[in-house]
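Trainee: Mind docking chain B with the ligands on chain A? Use the hints.
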Amino acid sequence: MKKEKLRVIPPAERANPDLESGKYLLMWQGPQHPGITGNMSLKLIVEGDSVVDCETHVGYLHRGFEKLMERRLWMQNFPLVCRIAVPEPDFNEYCYAAALEELAGIQIPDKAVWLRTLSLEMIRLASFLMWIGGQAGAFGHGTIIQWSVTMRDYVLDLFEELSGGRIYHMYIIPGGVRGDVPAGFFKHVLEIMDTVQKNLDDIELVMFHNVVFKMRAEGLGYIPADWVDHYGITGPNARAAGVARDLRKDLGYLAYPRLDFKTIVGQKSDAYERARLRLLEMYQCIDLIRQIVDQCPKDGPFREKLPNPLYWKIPAGETYVAAECTRGEYGFYVASDGSDKPRRVAVRGPSYTHAVAVMERLARGVNIADVAGLMVSLHTYPPEIER
Amino acid sequence: MDIKDFIAPFAVWKRAFEKPFTVKKPIDERPGAPRYRGFHINDAERCVGCGTCEAICMNKAIDLVPVEGREAKEGDSGLRPRVDYGRCCWCALCVDICPSGSLNMSNEYLWIDSDPDVFRYTPGVDKKPWDGAELGYRRAEGYRLLDEQRVPMAELGHREAVKSFLELVQGYSRAQAEKEADRCVSCGLCIASCPAHMDIPGYIKAVREGDLDTGLRLLYETNPFPEACGRICTHLCEGACSIGTGGDPVAIRWLKRYIADQVELSAYAKALPRAEPSVGKKVAVVGAGPGGLSAAYYLALLGYEVKVYEKDGEAGGMLRYGIPEYRLPYPALDKDIGYIESLGVTIKRGVAIGKDLSLSDLRRDYHAVYLSTGLPVAYGLEVPGDKHPRVLDGVAVLAAATRGEELGLGKRVAVIGGGNVAMDAARTALRHGAAVDILYRRREEDMPADADEIREAKAEGARLIEKSIPVEVKDAAGALAGKAALFVWNEAEMVQKEEGKRPVPEAIPGALREELYDSIIAAIGQGPDLSYVTEEDGVPMKRFKPLVDARGMASPGASPKGGAIFAGGDLVNDRKDAISAIADGHRAALSIDRHLSGKGA
Ligand SMILES: Cc1cc2nc3c(=O)[nH]c(=O)nc-3n(C[C@H](O)[C@H](O)[C@H](O)COP(=O)(O)OP(=O)(O)OC[C@H]3O[C@@H](n4cnc5c(N)ncnc54)[C@H](O)[C@@H]3O)c2cc1C
Ligand code: SF4
Numbered sequence: 001m002k003k004e005k006l007r008v009i010p011p012a013e014r015a016n017p018d019l020e021s022g023k024y025l026l027m028w029q030g031p032q033h034p035g036i037t038g039n040m041s042l043k044l045i046v047e048g049d050s051v052v053d054c055e056t057h058v059g060y061l062h063r064g065f066e067k068l069m070e071r072r073l074w075m076q077n078f079p080l081v082c083r084i085a086v087p088e089p090d091f092n093e094y095c096y097a098a099a100l101e102e103l104a105g106i107q108i109p110d111k112a113v114w115l116r117t118l119s120l121e122m123i124r125l126a127s128f129l130m131w132i133g134g135q136a137g138a139f140g141h142g143t144i145i146q147w148s149v150t151m152r153d154y155v156l157d158l159f160e161e162l163s164g165g166r167i168y169h170m171y172i173i174p175g176g177v178r179g180d181v182p183a184g185f186f187k188h189v190l191e192i193m194d195t196v197q198k199n200l201d202d203i204e205l206v207m208f209h210n211v212v213f214k215m216r217a218e219g220l221g222y223i224p225a226d227w228v229d230h231y232g233i234t235g236p237n238a239r240a241a242g243v244a245r246d247l248r249k250d251l252g253y254l255a256y257p258r259l260d261f262k263t264i265v266g267q268k269s270d271a272y273e274r275a276r277l278r279l280l281e282m283y284q285c286i287d288l289i290r291q292i293v294d295q296c297p298k299d300g301p302f303r304e305k306l307p308n309p310l311y312w313k314i315p316a317g318e319t320y321v322a323a324e325c326t327r328g329e330y331g332f333y334v335a336s337d338g339s340d341k342p343r344r345v346a347v348r349g350p351s352y353t354h355a356v357a358v359m360e361r362l363a364r365g366v367n368i369a370d371v372a373g374l375m376v377s378l379h380t381y382p383p384e385i386e387r
Numbered sequence: 001m002d003i004k005d006f007i008a009p010f011a012v013w014k015r016a017f018e019k020p021f022t023v024k025k026p027i028d029e030r031p032g033a034p035r036y037r038g039f040h041i042n043d044a045e046r047c048v049g050c051g052t053c054e055a056i057c058m059n060k061a062i063d064l065v066p067v068e069g070r071e072a073k074e075g076d077s078g079l080r081p082r083v084d085y086g087r088c089c090w091c092a093l094c095v096d097i098c099p100s101g102s103l104n105m106s107n108e109y110l111w112i113d114s115d116p117d118v119f120r121y122t123p124g125v126d127k128k129p130w131d132g133a134e135l136g137y138r139r140a141e142g143y144r145l146l147d148e149q150r151v152p153m154a155e156l157g158h159r160e161a162v163k164s165f166l167e168l169v170q171g172y173s174r175a176q177a178e179k180e181a182d183r184c185v186s187c188g189l190c191i192a193s194c195p196a197h198m199d200i201p202g203y204i205k206a207v208r209e210g211d212l213d214t215g216l217r218l219l220y221e222t223n224p225f226p227e228a229c230g231r232i233c234t235h236l237c238e239g240a241c242s243i244g245t246g247g248d249p250v251a252i253r254w255l256k257r258y259i260a261d262q263v264e265l266s267a268y269a270k271a272l273p274r275a276e277p278s279v280g281k282k283v284a285v286v287g288a289g290p291g292g293l294s295a296a297y298y299l300a301l302l303g304y305e306v307k308v309y310e311k312d313g314e315a316g317g318m319l320r321y322g323i324p325e326y327r328l329p330y331p332a333l334d335k336d337i338g339y340i341e342s343l344g345v346t347i348k349r350g351v352a353i354g355k356d357l358s359l360s361d362l363r364r365d366y367h368a369v370y371l372s373t374g375l376p377v378a379y380g381l382e383v384p385g386d387k388h389p390r391v392l393d394g395v396a397v398l399a400a401a402t403r404g405e406e407l408g409l410g411k412r413v414a415v416i417g418g419g420n421v422a423m424d425a426a427r428t429a430l431r432h433g434a435a436v437d438i439l440y441r442r443r444e445e446d447m448p449a450d451a452d453e454i455r456e457a458k459a460e461g462a463r464l465i466e467k468s469i470p471v472e473v474k475d476a477a478g479a480l481a482g483k484a485a486l487f488v489w490n491e492a493e494m495v496q497k498e499e500g501k502r503p504v505p506e507a508i509p510g511a512l513r514e515e516l517y518d519s520i521i522a523a524i525g526q527g528p529d530l531s532y533v534t535e536e537d538g539v540p541m542k543r544f545k546p547l548v549d550a551r552g553m554a555s556p557g558a559s560p561k562g563g564a565i566f567a568g569g570d571l572v573n574d575r576k577d578a579i580s581a582i583a584d585g586h587r588a589a590l591s592i593d594r595h596l597s598g599k600g601a
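Respectively, the protein sequence lines represent chains A and B.
Going by my numbering, the first residue of the first sequence is number 1, and it counts up by one from there.
Going by my numbering, the first residue of the second sequence is number 1, and it counts up by one from there.
Calculated from the structure, these hints are not laboratory results.
Note that the structure is predicted; figures quoted are calculated from it, not measured.
Accuracy of the hints is not assured; some may be wrong.
Claimed, not checked - Here are some chain B residues pointing at chain A (derived, C-beta under 8 Å):
1) 1
2) 9
3) 13
4) 97
5) 140
6) 191
Yeah, the Cβ is synthetic: ideal placement off N, Cα and C, and Gly gets one too.
This is chain A alone, in the form it adopts within the complex:
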């Protein structure tokens, strides 16, 4: 059916069509289009129903986090960073905290290591659950999102129980975490994991064995393996192209070296393959969460005492701390001049690469109807592009 479209590599150069010719139409998708994952927009030039050229426009969501952080005390930035990537706040919390701890020479207690790992895997699962609803929806499949967002809500219930917040958890604080798990929490975690897993089985059946989804997603947005280094592609987008790259393995931070898991890689590198790989990673999340619940120490301190946050100064220095988020490499570069505020913070999210450079190229030649599905298949979050 779509076989002939398989592995089409879009041209590297931008098309320069003559808009006056009457052959082309310029149209904007976004910034409020539901098929755009957040507030950014695509300026498309189409010929018939095919995209000839795509230019991404970001900047609708700029809140100036990095600059704001230079004016706030080290600890005051802790509630700020989570907002950089709304659906995955915890990676920001972790990277920021870990960077500060590295610069200040603080060793966090083992319990905090485990609880941080737990919250990162929980948010990975929640984020994927939201994404999969979007992916199915972009191809007109409205049922999946009803299920997956409910499942995500169950995970958010867990966050609420653990941290007191559903969206912005503000749980991973410099020095450790903000509290031990409440009584009965691990039991709830395991129950919810069972529920989510059952639901994933249903999703697998209904979405991945769905002729419509297959027809539309297979062959769409093929990313050749040699683009990975060229564009700096990371995460599932790289792994689906057969490049086994996962910071959880490669850097071995937090409790990951003590967990049993394998990097999942794909091969076909199209939208379908990426979706499938993410589904497998959701199962992997559930497995990791169960392992964490099993191995997490039951007692012991969960936070290292830090100096008074009103005057805390961090020795001059700079560092870059990265973690594997759902979409790839998430990192914080933090520089201190020895004062009580950061000198510079730069946040590296995978979305910049994926949503701007990669998207612009992949869109060329795609059917208009598939643009949204393609965009979602790259799994990007515009808020983190605009820090």
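Mentor: Positioned in the frame of chain A, the structure of chain B with the ligands alone reads:
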């Protein structure tokens, strides 16, 4: 594509028969989790309005505002935090940092109103349905952003301590001082409670930042006795410290001492302000205690020529002749006094006013006179036999100890009284090898002495006999006659005479007890000796004290007979501690300057 791809999607239908995930009325049935970070609640009684929540909030969502019916008082600004939910991001850092633990969050998250202004309110003051919520965010056990524990101070062990007059408190090292200074949140509640209103957050910041010259300068702005006060101050500030509402108060007194100890006297001049050029006027100060010398210091800074008349052989007043060396070593006091003298203040030692010179001489020769002669006369026991040669006066014993005289207290000593003088006398007697009983009319909790002093006196081996009313002193029998005495007291019980007043001791009929002592030290208070003030000096008196106005002025101003008289210190104020005397001296110096220069008179 295989056939499964066409059929599988129909599996969705099975859900149609399942219980839905969603609930009908989430509002009724979905309370926030027990840790939910919902609307703030504040225990307005426990809150002291320190504003630390305001300081940490990066959204500037908190504003400390006055609250109707709540006045500022010692250790309480009277203000309470108002939260603006147009700004708050529910991070709860304010809860995490709150020193008293009064600020928390409820698990309530629903609040609908068409008036945007209501979303700015003062928790615990403006009544809300979630006030007193049991559930909601509380900081986890073992988790605080501030350190509730004070950096421990190295002190001599009690067994070691009683063997000598070595200083007990050893002082902080640099690392310890900086760590302790880091506990302060700069709320400034302490400033109001300090009689001298020292810039406490300022000098603590200087310690934190290792800028001791600035620290010293800030100390001297209001107090030229940092070495002494850094050791023996009654530290009211620590009672007001907001950190003390949920842990040990910041060791403000030890930090003050740290600054003064670290800077060499020879380096003081570099850090401290120089005296103004001479204004060509002269002021006499009577009494070289902390009050008199404080006045002298500030007057000298203002350009006055100051002469201090002191009847004793050494300057320092009760700091030298009262407070024992193990609490305030003489070199530390000498450093404070030495710096004051280095500014050109002359101290005429061994000159008693009323004997060697008269007050009217001073009034004739000086533009103004400041009286700070303290309370040198000890009250007697006022019981039969109190003139027995073994009944001694506490202040005299301490003064003799300072002069290095042989005390001859004997083996068994009774100290009568419950104030700091009694504790000092008892601990001095212990250091001379005596067994000591402290007898006090009321209970331990009623004793006016610092709790620390009482605790230490007991730890060093003094026996405390509470509720003992002195009845009589009888001479010992036989060979001991004249060399020892029997102290007779009546056991008492505490009786609540008047509602709301403190209970009073009442003798239990027939419960008389007596004990033989080699010395009985009376330490039940001191009074002034104002024999040097004559009627012509025109100093109005009330209850044997000079009556002063808000400026510290005691006479109605300069008269043809001479300069105006000001007075302060123990002689005048009710607090009777060093820092109040110092504050009085400072105030008097400024008033004298205003009076003599005609500025704002
Ligand atoms: C045993 C003891 C322990 C104490 N412990 C503490 C403590 O821990 N903390 C604290 O803050 N306070 C303490 N105090 C109180 C403190 O010492 C006094 O509040 C403070 O010294 C008062 O200062 P002043 O300048 O008013 O008077 P004083 O210090 O009493 O000084 C008055 C000076 O005037 C001189 N004088 C008196 N009459 C004449 C005269 N006619 N001519 C010339 N000179 C004269 C005296 O010799 C004396 O030197 C203690 C007092 C005593 C007695
Ligand atoms: S919860 Fe956070 S944002 Fe809200 S008032 Fe407290 S510190 Fe400020």
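Trainee: Each of the hints needs a verdict: does it hold here or not?
Mentor: Here is what the structure says about each hint:
1. 1: 6 Å, holds
2. 9: 5 Å, holds
3. 13: Since chain A brings no Cβ nearer than about 10 Å to residue 13 (chain B), farther than 8 Å, the hint is violated.
4. 97: Check passed: Cβ of residue 97 (chain B) comes within 7 Å of chain A, closer than 8 Å.
5. 140: 3 Å, holds
6. 191: Because about 17 Å separates residue 191 (chain B) from the closest Cβ in chain A, which is outside the 8 Å limit, the hint is violated.
Checked against the numbered hints given earlier, the structure breaks hints 3, 6 and satisfies all the rest.
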